[in-house]
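Single-letter residue listing:
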Amino acid sequence: KNQVEQSPQSLIILEGKNCTLQCNYTVSPFSNLRWYKQDTGRGPVSLTIMTFSENTKSNGRYTATLDADTKQSSLHITASQLSDSASYICVVSASSGTYKYIFGTGTRLKVLA
Amino acid sequence: SQTIHQWPATLVQPVGSPLSLECTVEGTSNPNLYWYRQAAGRGLQLLFYSVGIGQISSEVPQNLSASRPQDRQFILSSKKLLLSDSGFYLCAWSVGTGNTIYFGEGSWLTVV
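Chains A and B supply the protein sequences, listed in that same order.
Just so you know, we're using the working numbering here: the first sequence kicks off at 1 and counts up by one.
Just so you know, we're using the working numbering here: the second sequence kicks off at 1 and counts up by one.
Think of the hints as simulated: they come from the structure by calculation, not from any bench.
Possibly wrong hints are sitting among the right ones.
[Unchecked claim] Below, computed lysine to any residue pairings styled on SDA-like, alpha-carbon distance capped at 25 angstroms: (1) Lys1/A to Glu59/B; (2) Lys100/A to Gln62/B; (3) Lys100/A to Ser67/B; (4) Lys1/A to Ser67/B.
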């Protein structure tokens, strides 16, 4: 069964600190993996996309990693800001006939001043 | 550039009443269209997706239905709402396969 699991469920950090969010998946055949940021009450917005051959990709203070062998990805946020408070969702795409996106339940990040 | 519009943004409906949420995409042709639901504190649940006009696939049996009367228009409907239909509904689009999925701003539905 295709699944995406994220940890931790929630996280509280102080402004300026770094943090790392985890995503483990069992999706086959794997196509790509994306991290989305969802502000409360808003639609998710794509942060990064990673294909099978990519190990690291950065988008400003966000750096995503992918280990296709262990089927794990991480999202590292550097020098956190109050505006980083949001849910971060890992989405894995499976390419098996009908195209599908498998969503994790997200990590809720709260950055405190 | 491509944009997605979804409305209404918020609505409160009594149990047993009908529902219609509408979504339109601009700036692209023949998009894949999706309806998702997100219960409070939960992940996104795919309800329907469409790869073309009149082509609707349902992922979860429920009292909701979807229609795609035009290439870039996607409508989510219900004849009689249940309390369990409350949630945050998101319309989304993508093109081709393996590409980024873009979300609308969402519609908050509260069934009372």
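We went through each hint and held it up to the structure:
1. Lys1/A to Glu59/B: holds (15 angstroms)
2. Lys100/A to Gln62/B: holds (20 angstroms)
3. Lys100/A to Ser67/B: The hint holds at about 19 angstroms.
4. Lys1/A to Ser67/B: Answer violated: Lys1/A to Ser67/B is near 29 angstroms, above 25 angstroms.
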